[in-house]
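Enquirer: Residues per chain are reported as follows:
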Amino acid sequence: MLSSRAIRIWTWLHKWTSLICTLFMLLLCLTGLPLIFHHEIGHLLGDEIEAPELPAAMDRQRVSLDTMAQAAKAQHPQLIIQYAGENEDDPRLWWFTLAATPEPTSDYKSVAVDARTGLVVREYRIGEGFMDLMFRLHVDMFAGLPGKLFLGFMGLLLLIALVSGVVLYAPFMRKLDFGAVRKDRSTRVKWLDLHNLIGIVTLVWCFVVGATGMINTWAELLVQYWQYDKVSALLAPYKNQPLLKAEERAPLQASLDTAMHAGDKRKVSFIAFPGTAFSSPHHNTFFLKGSTPLTSKLLQPLLIDARSSQLTAAPELPWYLTALLVSQPLHFGDYGGMPMKILWALLDVATIVVLGSGLYLWLRKPQGARKSAKGVAAGSLDEAKSPETAAA
Amino acid sequence: MLSPESRRLWTWPIALGVLSTSGLLTALVSDDWGDTWSWVGLGVPVLVIAWFAWRPQRAD
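Order-wise, the sequence lines are chains A and B.
In case it helps, this note's numbering puts the first sequence at residues 1 to 392.
In case it helps, this note's numbering puts the second sequence at residues 1 to 60.
The hints are simulated quantities; they were obtained by calculation from the structure and are not laboratory data.
Treat the hints with caution; some may be incorrect.
Stated by the list, open to error - FRET-style restraints, in silico, Cβ to Cβ: (1) B:L47 - A:F150: 29 to 37 Å; (2) A:D264 - B:V29: 14 to 22 Å; (3) A:E316 - B:I14: 32 to 40 Å; (4) B:S6 - A:Q224: 22 to 30 Å.
Unchecked claim - Using 25 Å as the maximum straight-line C-alpha spacing, the simulated SDA-like pairs for lysine to any residue come out as follows: (5) A:K297 - B:L19; (6) A:K190 - A:A56; (7) A:K297 - B:W33; (8) A:K341 - B:G43; (9) A:K183 - B:L47; (10) A:K297 - B:A15; (11) A:K297 - B:T21; (12) A:K148 - A:K190; (13) A:K365 - A:P55; (14) A:K267 - A:A56; (15) A:K341 - A:W16; (16) A:K267 - B:G43; (17) A:K341 - B:A15; (18) A:K267 - A:A219.
Predicted, not measured: the structure shown is a model, and the values here were computed from it.
Idealized CB from N, CA, C, for every residue including glycine.
Using the sequences and the hints, build the whole thing.
Expert: The structure is reproduced here in structure tokens:
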């Protein structure tokens, strides 16, 4: 049993961690809601790109990677290709992103190319529209890496608020049955009970989504650390070499063939071209994936010399990046079909209710209780009949 | 072991937590039974909330 002093400390922790992160968590819950259904909404808005109808016999036919790259580049001759990969849902399509520089930038184009014919299908809409707004607000609030890390820190506060909420659940519920919602009492008591009920029931989901979201904000830093820690040693022979010029590069298809031959995984998640954040100035780095639900999250990097098309190294993905990749679906809720997405949305709404009721309970704290925080001591908590003074 | 009071307090939360956890994990490893179980594992907590939030008040 908690001492009254312990309860005061946990109450203080719960109150302040929640209060600080609540507005941002409301933003994340609200923007996250449409993002759960981004495929379906994109489909409705006509943003999703579909492969043109062609005879089924052509489905397995593939033009060379160079043909596809040239088609994408012809759309934006002044830009360079940063990344390319097979469409996750439809292997008949490949996407190519192009930008003015190989450096990371939010100013880029994305082109869908038909892998059967090598013809451009359409451009993805980047940086415009409702879903893009939701995405940017959810990921970094238009503030780049600092924005991401800030939201990650808010996520940490949420986790502390969840843990302290669980600790406080016991003293609050001692005299109550599980799920008791005292509707015959004041509005505040009713919302206190609902806060406790929904909070404890959604706890695991909320913790998992919060923790994986927080980990996601570190993705860029983790990739950089890996490159600094491990990849730089593998690339020592190439140290200080300038960005390999386009005319010195071998055909891309040769790199792809090497990758398919060398890797034990067979699907291309994405290719990072020379000079980009996921590669070196001298390499086409292939990230291959498996085809089962779990192995499709486990990437195998292959560094392939862009001039010779020879395999330079096939480093193991470190545990922290594997953990990051495996944890991503746990944040997105996109790995259990439409019923899971609907449940994800309902749990998201439930979380909004917990956040909102928490805020309400704090705003509606009765006069007097605010003055004497000691009112939160165990004695008054035991009195389920006076929870007016109890909740912070 | 848990005291009777703790057991009364924590049985439901722990059961629902374990259920949610199992649902979150099974869909990661299997696309058929795993997905189906995830709908149970996450669906039951949602139903529990709905039941206690909207059930009629007992007259006692």
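Enquirer: Each hint needs a verdict: does it hold in this structure or not?
Expert: Structure-based check of all given hints:
1. At about 36 Å, the beta-carbon gap between L47 (chain B) and F150 (chain A) stays in the expected band of 29 to 37 Å.
2. Between D264 (chain A) and V29 (chain B) the beta carbons are some 20 Å apart, a value that agrees with the proposed interval 14 to 22 Å.
3. The beta-carbon spacing between E316 (chain A) and I14 (chain B), approximately 37 Å, falls within the hinted interval of 32 to 40 Å.
4. Distance hint check for S6 (chain B) and Q224 (chain A): the Cβ-Cβ separation is about 46 Å, which falls outside the suggested range of 22 to 30 Å.
5. Note on K297 (chain A) and L19 (chain B): the hinted pairing holds, with a Cα-Cα distance of about 24 Å set against a maximum of 25 Å.
6. Straight-line distance between C-alpha atoms of K190 (chain A) and A56 (chain A) comes to about 60 Å, which puts the hinted pair past the 25 Å bound.
7. Of the pairs offered as hints, the one joining K297 (chain A) and W33 (chain B) holds, with about 19 Å between alpha carbons and a cut-off of 25 Å not exceeded.
8. For the hint pairing K341 (chain A) with G43 (chain B), the CA-to-CA distance comes to about 11 Å; that is within 25 Å, so the pair holds.
9. Note on K183 (chain A) and L47 (chain B): the hinted pairing holds, with a Cα-Cα distance of about 19 Å set against a maximum of 25 Å.
10. A distance of roughly 29 Å separates the Cα atoms of K297 (chain A) and A15 (chain B); the hinted pair therefore is violated under the 25 Å criterion.
11. Under the criterion of a C-alpha separation no larger than 25 Å, the hint pairing K297 (chain A) with T21 (chain B) is consistent with the structure, at around 19 Å.
12. Taking the CA atoms of K148 (chain A) and K190 (chain A), the gap is near 36 Å; set against the 25 Å cutoff, the hint is violated.
13. For the hint linking K365 (chain A) to P55 (chain A), the alpha-carbon distance of about 68 Å lies beyond 25 Å, and the restraint is violated.
14. Our distance criterion of 25 Å between C-alpha atoms is met by K267 (chain A) and A56 (chain A), whose separation comes to about 21 Å.
15. Restraint check: the Cα-Cα separation between K341 (chain A) and W16 (chain A) comes to about 31 Å, which exceeds 25 Å; the hinted pair is violated.
16. At most 25 Å may separate the alpha-carbon atoms for a hinted pair to count; K267 (chain A) and G43 (chain B) exceed this at roughly 33 Å.
17. A distance of roughly 23 Å separates the Cα atoms of K341 (chain A) and A15 (chain B); the hinted pair therefore holds under the 25 Å criterion.
18. Taken as a hint, the K267 (chain A) and A219 (chain A) pair is honoured in the structure, with Cα atoms around 22 Å apart against an allowance of 25 Å.
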